[in-house]
Amino acid sequence: MQKDVMIVDDSPAMRSFIRRTVLIGGLEMGRCLEAGNGLEALTLLRNDTVDVILTDFNMPVMDGEQLVRNLRGDERLSRVPVIVISTDSTRNRILSLQALGVHGYLCKPFTPERLAQMLCTAVPDWQAQGIEERYQ
Amino acid sequence: MSPEISVQNSAADACLAAVPEVLEMMFFESMAEAPEIGGSPRLELLDVSRVDFEGSARGYLVLAAPSALSKSLTEAFLALELRQSAPSDVEFVLGELANMVCGGALGRYQPDGSFRVSTPATRLERPSAELTTSNVSWIRFSFYDGPLFVGFQPEATQ
Amino acid sequence: MTAGDSGMGLLVVGVGDCRHALAGSEGLVTYALGSCIAVGIWDPVSKVSGLLHFMLPESRSETGASAVEHPFRYADTGTPLLFRRAYELGAEKRRLQVYLAGGASVVDDGGFFQVGKRNHTAIRKLLWKAGVLVHGEDVGGTHPRTVRLEASSGSFVISTPGKADIELSATSSTRGAKE
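Residue numbers (my numbering), protein chains in the order written: chain A, 1 to 136; chain B, 1 to 158; chain C, 1 to 179.
For the record, the hints were derived by calculation from the structure and aren't laboratory data.
Just so it is clear, the structure is predicted and the values come from calculations on it, not from any experiment.
Even for Gly, the Cβ is constructed at its ideal location relative to N, Cα and C.
Be a bit skeptical, because a hint or two may be false.
Derived CB-CB ranges, DEER-like [stated by the list, open to error]: (1) A:Asp48 to C:Gly140: 41 to 47 Å; (2) B:Glu33 to A:Asp48: 47 to 53 Å; (3) A:Arg72 to C:Gly24: 51 to 57 Å.
Work out the full structure: start from the sequences and follow the hints.
Following this line, the structure appears as structure tokens:
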């Protein structure tokens with residue numbers, strides 16, 4: 001089952017790493033939208049939607065927290081699962097993001113396998129079939 | 001320093017823990033020798049990246065690597081074949097490396113702290129003066145494709 | 001590397017060796033994993049499995065004919081052959097489950113040259129560049145390991161003296177590295 005993904009990060013290198021992880025992680029990716037900050041992401045989503053959003057926290061123009069607040073306040077986008085990927089491992093940050101209701105928080109550095117696992121958890125029907133049925 | 005936000009590890013210890021973790025997990029590199037504290041790398045010969053941070057501590061992290069290591073790390077991170085990386089790739093990857101090492105070090109330096117980290121500034125070979133200072137406490141991490149010099153300079157805010 | 005085996009009994013993979021098993025066979029086993037790493041692969045549809053037991057990360061550090069004559073001693077030469085042979089026997093890359101075991105720090109490593117850790121980062125880099133994620137791993141520590149890859153189920157069972165077996169399998173584990 002294909003899913004559309006949005007990756008939000010001001011680092012093109014990190015966007016590439018995340019994109020590759022999704023591609024090789026055995027999860028069928030439909031479209032992959034990319035944005036360099038929260039404002040760009042919201043602009044892209046103005047007339048569109050995706051199945052999951054992976055966002056950095058520290059970004060210029062609009063950071064991840066503000067992006068999530070905007071998404072939660074938009075009835076059309078409020079249910080899209082959001083995974084925050086950030087270098088910030090301080091307790092304050094983790095608590096604030098949990099309070100915002102993000103579906104997952106992944107601290108950098110992370111293994112690509114961990115990200116793939118988190119995506120399966122955030123989007124449970126992305127890999128609902130058993131492994132043998134998946135390839136019949 | 002705010003009495004509620006204490007330093008849990010020294011800057012050096014935080015850095016010593018953060019660098020190998022980041023390099024092993026996302027750049028698939030392991031160290032060739034034990035790290036060395038001290039020294040003065042010749043920055044004019046190296047690729048340099050710096051991130052600044054503020055919040056419960058203020059300061060910066062700077063890292064420097066020879067071109068061979070920068071390219072090797074870039075090729076690993078972006079899954080490129082040998083000699084396929086462009087200078088812009090190296091710039092972005094080194095910046096992300098500095099960003100991740102800084103985050104890892106800050107999380108160990110002040111686990112209860114609160115920070116904002118700047119967008120990395122990177123210069124490939126012949127770094128400009130504004131990226132470095134003369135009083136950096138360097139740690140040298142030796143990898144198989146070259147050394148990585150890291151200077152983590154936090155100052156607790158009043 | 002021999003042709004795939006579909007006979008009875010576990011096929012033994014030696015140090016610096018690589019073997020494959022077909023549907024109907026019992027599977028593959030390798031012993032005495034210290035700083036070496038075992039790479040196990042299994043296709044749930046064709047039931048083709050493969051097991052590589054390599055000793056060192058790179059062949060370029062070796063001189064002479066060693067790397068050519070003994071490609072399975074090294075991650076960089078052995079791993080492509082492990083996968084290529086599996087494809088020849090009917091496995092498909094997108095279906096393969098991949099497991100790692102070993103990479104321990106051994107007493108006579110000497111100094112800081114941690115072969116086990118270097119082997120682990122080397123194989124992870126190779127797999128990442130090849131577009132393959134690791135579905136489970138048991139690496140590090142200081143203890144020796146024995147690994148058994150069961151051909152019918154794809155179970156990757158790691159045994160260590162004095163400890164309970166660790167089983168990694170396609171049906172029981174979610175995709176991702178064991179942490």
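- Item | Numbers of the earlier hints that this structure fails to satisfy, in rising order | Every hint satisfied by this model.
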